[in-house]
Amino acid sequence: MPERAVRLRVNGRDLVGLAESRTLLSDFLRHGLGLTGTHVGCEHGACGACTVLVDGRPTLSCLVLAVQAEGAEVLTVEGLADEGGLHPIQQAFRERHGLQCGFCTPGMLVAVKALLDENPDPSEEEIRDHLAGNVCRCTGYVGIVEAVHLAAQALAEDAR
Amino acid sequence: MLAELGDDARVLAGGQSLVPMLNLRLARPSALVDVGRVAALSGISANGTLRLGATTRQVDALRSPLVAERAPLLSDALHHVGHPATRSRGTLGGSVAHADPAAELPAVLLALDGEAVVRSREGERTIAAASLFLGPFTTALDDGELLTELRLPAPPAGARHGFAEIARRRGDFALAGAAVVVAPDHARVALFGVGPAAFRAEAAESALAQGAGAEEAAKLAAAAADPADDPHAPAAYRAKAARVAALRALLAAGVSRA
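So the sequence lines, in the order shown, correspond to chains A and B. If you read the first sequence in my numbering, its first letter stands for residue 3, the second for the next number, and so on. If you read the second sequence in my numbering, its first letter stands for residue 24, the second for the next number, and so on.
These are calculated hints, taken from the structure and not from any lab test. Note that this is a predicted model, so its numbers are computed, not measured. Glycine included, each C-beta is placed from N, C-alpha and C at the ideal position. You may find that some hints are simply not true.
A partial selection of chain A residues facing chain B, derived with a Cβ cut-off under 8 Å [as the list claims (entries may be wrong)]:
1. R32
2. H33
3. T38
4. G39
5. V42
6. G43
7. C64
8. L65
9. A74
10. Q93
11. A134
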């Protein structure tokens, strides 16, 4: 199958890569652009591990073809923090034990970013509702919910 | 273009049902026609009728004040359609055209007496919701026809609605669900997840018109269900869940219990 150039703005950088029209955005990010922070779990939209932001909206990158994302602005887990540091959401996950094996974490972090961008002070119910599509087999979610509350507080303090 | 490519080509809209099928190799179309960037197919407007472009993203409809005002049943139901990340891309028309028996939007279209506008090289026609859903993943659209718009008429005066769904986890496909609209001399009860396609429970509707309470109407609605055994739930459980979902939706719509 012929490849074509796909232009994306990923984590603030304009990037071009080659993709077959059947290539998934998740595979394009990992293999085409070398951004392996985005994890691929179920590859059919059931687990949420591959969640990225496309034009600011949480999106399952395994359910989008790379060519469909042409011209889009994409945020992956690599784009959350400045070089060498942790984003307040990452810091909060670390402090509240919001991860163990870490496989679901990139998708969780990006999904939480989408939530807090829109709703800076979510209730537990809203957090659980928003993250219902992100499956974690280690934590039992309690640490994740606490981490989101903590991240919300940290971001609110940063904004002050 | 669909006509030229033949019946092995598939329309790709939001891709939240079709791409999983491609990834699992359950579908192997010869060509995909991506309608995602056709601006004329998306957007929400209203005169007497609420018009929803087929590729309107579910999240945009969920957040639309116009939808909340004109079709609050649709807003309620959209909260149950997948997860935030699938609603970002999933479209209204895609969900209707895909016609998953457990999907919410076909039942909403039935309960609101909606219509689907479809277009082909031969021209345009509208299909009433009541004749749209023929079976699992099967609609009345012909090969070469594209769903372009959903139309919802203004609800009758004094209409109230209810929506209820029973699923194993938030955002999962329903084991059973119900969408209800009631007004003076008007009742619509649509069930999903408990038959080969979403359907209107007409016996329950006529009973409501004659003053039946929610308990009785829910029982009649569930009696019209035709659930199958599957790995998620046995048929008997789904039938029970259908009665409970219908009861909850009817109570939410203000129908008295007895």
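To see whether the hints hold, each was checked on the structure:
Of the supplied interface hints, the one on A:R32 is violated, with its beta-carbon coming no nearer than about 15 Å to a beta-carbon of chain B, more than 8 Å. At about 16 Å, the closest approach between the beta carbon of A:H33 and any beta carbon in chain B exceeds 8 Å, and the interface hint on this residue is violated. Hint on A:T38 is violated. Least Cβ distance to chain B is approximately 19 Å, over the 8 Å limit. Taken as an interface hint, A:G39 does not check out: its beta carbon lies about 17 Å from the nearest beta carbon of chain B, beyond 8 Å.
Because the smallest distance between the Cβ of A:V42 and any Cβ of chain B comes to about 10 Å, over 8 Å, the interface hint for this residue is violated. For A:G43, the interface hint is violated, since its Cβ never comes within 8 Å of a Cβ in chain B; the closest pair sits about 12 Å apart. A distance limit of 8 Å between C-beta atoms decides the matter here; for A:C64 the minimum to chain B is near 7 Å, and the interface restraint holds. Annotation: interface hint on A:L65 holds; nearest CB of chain B at approximately 4 Å, less than 8 Å.
Violation of the interface hint for A:A74 is found here, the shortest Cβ-Cβ separation to chain B being roughly 11 Å, above the 8 Å cut-off. Checking A:Q93 against chain B: minimum C-beta separation of about 23 Å lies over 8 Å; hint violated. For the restraint placing A:A134 at the interface with chain B, the shortest Cβ-Cβ distance is roughly 4 Å, inside the 8 Å limit, so the hint holds.
The structure does not agree with the numbered hints 1, 2, 3, 4, 5, 6, 9 and 10 stated previously, though it agrees with the rest.
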